[in-house]
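A.B. asks: Protein chains in written order, with our numbering: chain U, 1 to 285; chain W, 1 to 314.
Hints are supplied without guarantee of correctness; some may be wrong.
Said to hold, decoys possible - Some residues of chain U that are not near chain W, with every Cβ distance over 12 Å (derived):
| no. | residue |
| --- | --- |
| 1 | N60 |
| 2 | E128 |
| 3 | F160 |
| 4 | D175 |
To be verified - List of simulated lysine-lysine pairs, DSBU-like, C-alpha gap at most 30 Å:
| no. | chain 1 | residue 1 | chain 2 | residue 2 |
| --- | --- | --- | --- | --- |
| 5 | W | K65 | W | K120 |
| 6 | U | K111 | W | K267 |
| 7 | W | K120 | U | K111 |
| 8 | W | K70 | W | K120 |
What the hints assert, rightly or not - Coverage of chain W stretches by chain U, computed from C-beta distances (three or more under 8 Å per stretch; other residues unrestricted):
| no. | region |
| --- | --- |
| 9 | 40-53 |
| 10 | 237-246 |
Because the hints were derived from the structure by calculation, they are not lab data.
Note that this is a predicted model, so its numbers are computed, not measured.
Just so you know, even glycine gets a beta-carbon here, dropped at the ideal spot from N, CA and C.
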Amino acid sequence: METLAFQGVVGLSLAMYLWLVSAGLTIIFGVLGVINFAHGSLFMVGAYLAFTFYGLLGWNFWLAILLSLVGTAMVGWVMERFFLRYLYGVEEAYQLLLTFGFVLILDDAVKMIWGGVFRIPAIPEFLEGHWPVFGRPFPVYNAFIIAAGILVGIILWLGFEGTWWGRTVRATASDREMANAIGVNVPRVFSGVFMVGAMLAALGGALGIPVRVVSPGLGAAMIIQAFVITVIGGLGSLKGAFVGSLIVGILSAYGTLLFPVFELALIYMVMAVVLLFRPQGLFGR
Amino acid sequence: MALGLLLLALLFLPLVGGQYAQYLAIQVMILSLFALGFNILFGYTGLLSFGQAGFYAVGAYGCAKLLLLKPSLLFGVLGGSLLAGAAALVLGILCIRHTRIYFSMLTLAFGMMIYSIALKWRDFTGGDDGLVGVPRAPLEIPGLVSLPMTTMGRYYYFVLAITLIAVALAYRLVHSPLGLTFRGIRDSEGRMAFTGVPVRTYRLIAFVIAGLYAGLAGALLPPLENTVTPPVAHWTTSADPVLATLLGGIHAFAGPIVGAFLLFMLKDIIVRFTEYWLIWLGIIVVVLVMGFRGGVVSLVTRKWLGPHREGEQP
Numbered sequence: 001m002e003t004l005a006f007q008g009v010v011g012l013s014l015a016m017y018l019w020l021v022s023a024g025l026t027i028i029f030g031v032l033g034v035i036n037f038a039h040g041s042l043f044m045v046g047a048y049l050a051f052t053f054y055g056l057l058g059w060n061f062w063l064a065i066l067l068s069l070v071g072t073a074m075v076g077w078v079m080e081r082f083f084l085r086y087l088y089g090v091e092e093a094y095q096l097l098l099t100f101g102f103v104l105i106l107d108d109a110v111k112m113i114w115g116g117v118f119r120i121p122a123i124p125e126f127l128e129g130h131w132p133v134f135g136r137p138f139p140v141y142n143a144f145i146i147a148a149g150i151l152v153g154i155i156l157w158l159g160f161e162g163t164w165w166g167r168t169v170r171a172t173a174s175d176r177e178m179a180n181a182i183g184v185n186v187p188r189v190f191s192g193v194f195m196v197g198a199m200l201a202a203l204g205g206a207l208g209i210p211v212r213v214v215s216p217g218l219g220a221a222m223i224i225q226a227f228v229i230t231v232i233g234g235l236g237s238l239k240g241a242f243v244g245s246l247i248v249g250i251l252s253a254y255g256t257l258l259f260p261v262f263e264l265a266l267i268y269m270v271m272a273v274v275l276l277f278r279p280q281g282l283f284g285r
Numbered sequence: 001m002a003l004g005l006l007l008l009a010l011l012f013l014p015l016v017g018g019q020y021a022q023y024l025a026i027q028v029m030i031l032s033l034f035a036l037g038f039n040i041l042f043g044y045t046g047l048l049s050f051g052q053a054g055f056y057a058v059g060a061y062g063c064a065k066l067l068l069l070k071p072s073l074l075f076g077v078l079g080g081s082l083l084a085g086a087a088a089l090v091l092g093i094l095c096i097r098h099t100r101i102y103f104s105m106l107t108l109a110f111g112m113m114i115y116s117i118a119l120k121w122r123d124f125t126g127g128d129d130g131l132v133g134v135p136r137a138p139l140e141i142p143g144l145v146s147l148p149m150t151t152m153g154r155y156y157y158f159v160l161a162i163t164l165i166a167v168a169l170a171y172r173l174v175h176s177p178l179g180l181t182f183r184g185i186r187d188s189e190g191r192m193a194f195t196g197v198p199v200r201t202y203r204l205i206a207f208v209i210a211g212l213y214a215g216l217a218g219a220l221l222p223p224l225e226n227t228v229t230p231p232v233a234h235w236t237t238s239a240d241p242v243l244a245t246l247l248g249g250i251h252a253f254a255g256p257i258v259g260a261f262l263l264f265m266l267k268d269i270i271v272r273f274t275e276y277w278l279i280w281l282g283i284i285v286v287v288l289v290m291g292f293r294g295g296v297v298s299l300v301t302r303k304w305l306g307p308h309r310e311g312e313q314p
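With these hints in hand, go ahead and build the complete structure from the sequences.
C.D. replies: This is the structure in structure tokens:
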């Protein structure tokens with residue numbers, strides 16, 4: 001019983017990485033109407049950048065995360081401003097294909113620049129140690145991840161609901177032309193939203209640096225899980241992304257414990273059931 | 001004329017080219033079939049699938065399993081293809097509940113589900129090591145023929161025959177009322193529904209056909225390599241037909257075939273200069289999507305035959 005409860009908390013921290021990625025994916029879709037295939041790759045870029053600043057150069061943990069966010073946002077900006085922007089008018093299949101091209105480019109670029117296998121850098125001192133949870137030692141760092149994920153959720157919610165910026169973005173999402181007519185600079189909103197989405201993915205990648213191994217295949221693994229999450233939760237819904245992440249994160253934690261062979265198949269089965277009974281996702285419209 | 005020359009070249013290739021040329025030609029034909037099926041789904045029906053490697057793998061693993069059970073080439077190849085078609089039917093029922101972006105995401109996820117099964121279900125698929133020692137079984141039709149397939153040349157002719165039949169069938173199919181229905185669904189789903197066409201059923205049919213072709217392509221692989229490993233199911237394998245089709249052109253019947261050939265040529269050239277060939281492939285995809293959405297075939301037809309031919313292309 002205690003093992004089960006403990007595994008649930010482990011799943012919760014796993015869910016937070018997934019939440020950060022799928023939040024970015026779903027926000028970009030909600031506003032731009034584009035599914036960014038390369039979103040997992042942005043997670044990976046964020047992880048590699050943070051690894052370079054924190055693990056290789058030994059800079060301050062917070063500074064490393066900040067720089068990784070800025071760097072990944074720049075990559076996102078280039079993708080949106082110079083490529084995606086010219087494809088809003090054509091069939092969405094081409095937008096998918098374009099971001100798919102970026103998956104190939106970023107995966108190989110990461111291999112070219114960083115290559116090889118990595119050691120995991122040490123956890124920053126103030127986040128080291130363990131707390132007893134259900135009679136077992138639970139790493140403080142995992143608790144920090146859970147807190148960070150929830151904090152990001154609250155900030156996003158407040159940002160969208162309470163600020164002028166949030167209202168502008170929501171107006172653009174619900175009617176591009178109308179927003180344009182009342183003086184919203186729509187292309188700038190699109191760039192901004194894409195960069196925020198990229199930063200969320202990068203944050204997920206960067207936070208995982210002291211506990212997860214970074215490798216070039218990371219991007220693809222993340223994007224597939226993020227897809228499953230958004231299908232379960234409903235595309236374009238932040239609440240859906242959060243609940244979907246919890247479901248997938250906790251299920252895979254239990255899956256590794258109870259059915260190690262079919263851990264992944266379990267998640268797909270949940271997705272198939274949701275599709276059959278609620279094709280638009282749990283919180284989709 | 002050009003078609004005749006191509007056929008002649010393909011027929012005499014084993015006499016001129018060595019083992020490696022035959023091996024490459026078989027690979028190009030396999031990818032052609034794979035991409036042709038993909039394009040029935042994408043170019044003709046308007047559904048972009050990123051999970052075709054799943055069915056390719058079902059075909060490959062199915063064929064390998066069957067050949068290990070009973071060494072008869074046609075039994076393995078057709079059996080593998082049919083198994084892939086069955087898998088496409090089951091997963092298709094789930095996937096075609098959505099179209100457009102959702103459909104692409106679902107196919108990718110289910111494709112990777114098949115990958116995870118290939119990797120993790122050790123007892124059946126051999127896990128990481130895959131299935132080894134798959135025989136290149138003789139072509140046996142009871143009471144008719146019994147041809148050993150030991151040389152590469154023999155197998156080349158077998159693959160060539162299967163490819164020609166499958167391409168001819170696909171050509172008939174896209175020019176039949178069924179093909180027209182697919183195109184109608186692609187161009188205007190609502191109007192097709194109004195004329196009484198059960199749109200979803202036809203989408204499922206297109207999905208199963210694409211699955212059958214992917215399975216057939218995959219089933220031709222194990223007798224060639226004598227082994228199957230999980231990477232055949234990985235999403236990077238799903239990228240191959242997407243790239244071939246994009247390169248050749250989605251709105252031309254021959255697009256995927258031309259693209260399959262070009263893709264192998266490009267791979268061959270790029271790997272001579274750098275081990276990072278995916279980045280170049282990615283750049284090619286970006287350039288194609290930004291500037292040449294018709295692919296190579298439409299560029300050529302427009303240049304040589306004038307722009308009026310454009311409208312005739314499906």
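A.B. asks: Would you mind marking each hint as holding or not holding in the structure?
C.D. replies: Tested hints:
1. Non-interface status of U/N60 relative to chain W is upheld: no Cβ of that chain comes within 12 Å, the nearest being about 32 Å off.
2. With a minimum CB-CB distance of about 34 Å to chain W, U/E128 clears the 12 Å threshold, and the non-interface call stands.
3. Non-interface status of U/F160 relative to chain W is upheld: no Cβ of that chain comes within 12 Å, the nearest being about 22 Å off.
4. Listed as a non-interface residue, U/D175 keeps its Cβ farther than 12 Å from every Cβ of chain W; the least gap is roughly 20 Å.
5. Pair hint W/K65 plus W/K120 holds up; C-alpha atoms about 17 Å apart against a cutoff of 30 Å.
6. The hinted pair formed by U/K111 and W/K267 meets the criterion: a straight-line CA distance of about 18 Å does not exceed 30 Å.
7. Of the pairs offered as hints, the one joining W/K120 and U/K111 holds, with about 26 Å between alpha carbons and a cut-off of 30 Å not exceeded.
8. In summary, the hint linking W/K70 to W/K120 is supported, as the alpha carbons are separated by about 25 Å, within the 30 Å threshold.
9. Only residues whose beta carbon comes within less than 8 Å of a beta carbon in chain U count, and the region 40-53 of chain W has 4; three or more means the coverage holds.
10. Under the rule that three or more residues need a Cβ within less than 8 Å of chain U, the assignment of the region 237-246 of chain W holds, with 3 such residues.
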